[in-house]
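So the protein lines, in turn, are chains S and H.
Take 1 as the starting number for the first sequence in my numbering and just add one per residue.
Take 1 as the starting number for the second sequence in my numbering and just add one per residue.
The hints are simulated quantities; they were obtained by calculation from the structure and are not laboratory data.
C-beta atoms are modelled at their ideal positions from N, C-alpha and C, and glycine is treated no differently.
Wrong hints could be hidden among the right ones.
What the hints assert, rightly or not - A few chain S residues that face chain H, going by a derived Cβ cut-off under 10 Å, partial list only: (1) E99; (2) R100; (3) R115; (4) A175; (5) A187; (6) D263.
Claimed, not checked - Residues of chain H clear of chain S, computed beta-carbon distances all greater than 12 Å: (7) V2; (8) T8; (9) P35; (10) R72; (11) L73; (12) A74.
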Amino acid sequence: MTICPAHKEIAPAQRRSTSAIHPVVALAGQPNVGKSTLFNMLTGLNQHVGNWPGKTVEQKSGTFTYGDCTYTLVDLPGAYSLTANSEEERITRDYIIHERPDVVIAVVDAAILERSLYLLAELLLLPAPVILVLNMMDVAAQEGIVIEPQVLEAALGIPVVPMVAARNRGLLTLAATLGALLREERAYEPRRPTILPGHESVLEEIITHITPHTPHPYPPDWVALKLLEGDEEVQAMMLDALPAPLWEEIHALLREHEDAILDIAGARYAWIGRMIRAAVARPRVGQVGLTARLDAVLTHPVWGTGVLLIVLGFVFWLTYAIGTPLMDGIADLIEQGAGLLHGALGGLPAWMAALLADGVVGGAGMVLTFLPILIIFFIILALLEDTGYMARVAYLTDRFMHMMGLHGKSFIPLLLGFGCNVPSILGTRIIETKRARLLTILLAPLVPCAARLTVVAVLTPLFFPRYVGLVTWGLVVGNILLLAIIGVLMHRFILKGEQVAFIMELPLYHTPNLRTIGLYVWQNTLAFIKKAGTIILGVSIIIWALSYFPAGEVELSYLAHLGRTLEPVGAWMGLSWQMMLALFTSFIAKENTIATLNILYGDLEATLPALLSIPAALALLVTQMLFIPCVATVATIKQEVGWKWMFISLLILLALSLGGGVLVYQLGSLVLG
Amino acid sequence: MVPLVELTPGQTGVVRNLYGGRRLIGRLAALGFTPGAPITVVRNHGMGPIIVSLRGTQVALGRGEARRVMVRLAEQPHDDLSCA
């Protein structure tokens, strides 16, 4: 039996998990190197997904067993470097410095070894032993790159494991290497990158000055290097830690050496060059890899756009040909179920039967109805990301999105909104910067979802039987134009901030890994049911109660009372309180607009057209298209960006929809006399 | 030295310097935009982002960002003849 290594307890007080008995292994790597695939292959379903404390970045941890030994595996977010450029980079370095994993596994893409080793150059300066995993050896071979892992291992002085994580190749070697390193049966003598001679003396000087003052557990030489790199977070930390006169002195030194950042990065790349020189054979000049051949078409301004349109067409087809019918089917089943339940609960007081059948079953059923479309979208998202095509979509659409201060990465999430706003808001997680993500979330509800379009499809023929196509088209285009205008305005005046720098890697194309996609879909769907689902159920019951009590009829309910209070606003749009009420019930689900109108007016075809003039009918449609989204969307917004921005989003949409309705009615009345 | 944004597809150069805020320089440097790095423009259509190839990978850059990367053009044999 092998002796299993145990976790080295460094500061028990800092540890929040109980898993501290097992050695803690952290996975670090740049984005798109297949880190998640390795994590999924090792842990399978033994994983827990949450958020990093106080952050919106996903945290995944899990366990895996090799031989007799069990390890705790923590998946650190993808980071290009360890300077505080992004939340992911801060989390990665804070974790390694404060939580002291027993080993860090640095995953790199063998096909782009030079660039992906940059993170390793930074990791080696932190106080945790590192194993280098050369992932995607198959892609490297396909691109004509030959790597000799032993040569690289000799150069770096750390264990190097070649791997194809997606095909389960190299995982056992990794586990064996991990055990050997932890039991100290294996030499670990890393050759670390050094700084260029031009800045060597100033670095020494800073280290000498700050060493007595550097807060625990930061390594002083690392802090000094980050100061020279101009890292804002480390600067702020040392401003607090150092006596004022000493900080002034250091600050002056840093000012003098502002150019050091490029030198330090350059020195890391020079170090990488020395490390890989003997280990890597590049393809012969003229040999064109698969990615280059595909990109000749896929990023081409004409052909690329053509392919994009076909892909988008396919996404829509999936949504409307499979997702929407399934959604309707489940909704019908729920309705029947609720009806049956109603009958079966005859013995209970009427309100209780209604609460169970309509409130609880209806609410929970609504969560269920979202699942088919969510699953389809998660599969699409995962496929686009995992193959590497998503970056090309972002590149192709960037110019258009740029006008709103967004970049190409916001395009797919917004587009998903045509099916359902919920995956659209969840999909914004692929956007790196907080501000761009927030702006995208605020704009997302302006994309008319399938349910809104259903309402339009029912109502428009009632009022405009001869112009159904034209009016529907006008409404959709109107929404998109408004989205663009609001985007430009918010970008200019509200969420100003730094213009998003568009710097995006175009990863090599990969065959998607089914396990990664499956787990992605599973985890995200589960998270939706658990988090948003609970809120949706709760709010559905509350709204149901408001529409039921006190009299058991919607016309006399509290919600109707609210509708009546809003009658003056309705009057500006030429709408009755019943219609305002119908709009408000659409908060549970967009289709409720029709259901409520049915309850209040009976046969819509016979009653509605006579009730509303043309401007009022247009106002109703416009308001409906812009109205606050359904509770599922609102709950998802809350889950992703918190209460404050959820309320701001609601206020914006309420103002837009009511304002839009009033404007259309008043203008329409003016024009049509 | 010319800004990267002025290179046409297929043109190759060497990165000389970066201008901009510390954050931008930090992000670009981590991706391999450091002085001495060979760089080739893959796509540049005169509007919208450009695509460059450097350090074995491709990176899409907004035009604003590409204006802040200064490169020295690789010497081209044809030009040498005309300059002589």
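Comparing the hints with the structure gives:
no.: 1; hint: E99; verdict: violated (23 Å)
no.: 2; hint: R100; verdict: violated (24 Å)
no.: 3; hint: R115; verdict: holds (5 Å)
no.: 4; hint: A175; verdict: violated (29 Å)
no.: 5; hint: A187; verdict: violated (29 Å)
no.: 6; hint: D263; verdict: holds (8 Å)
no.: 7; hint: V2; verdict: holds (18 Å)
no.: 8; hint: T8; verdict: holds (14 Å)
no.: 9; hint: P35; verdict: violated (6 Å)
no.: 10; hint: R72; verdict: holds (15 Å)
no.: 11; hint: L73; verdict: holds (19 Å)
no.: 12; hint: A74; verdict: holds (14 Å)
Checked against the numbered hints listed earlier, the structure breaks hints 1, 2, 4, 5 and 9; every other hint is satisfied.
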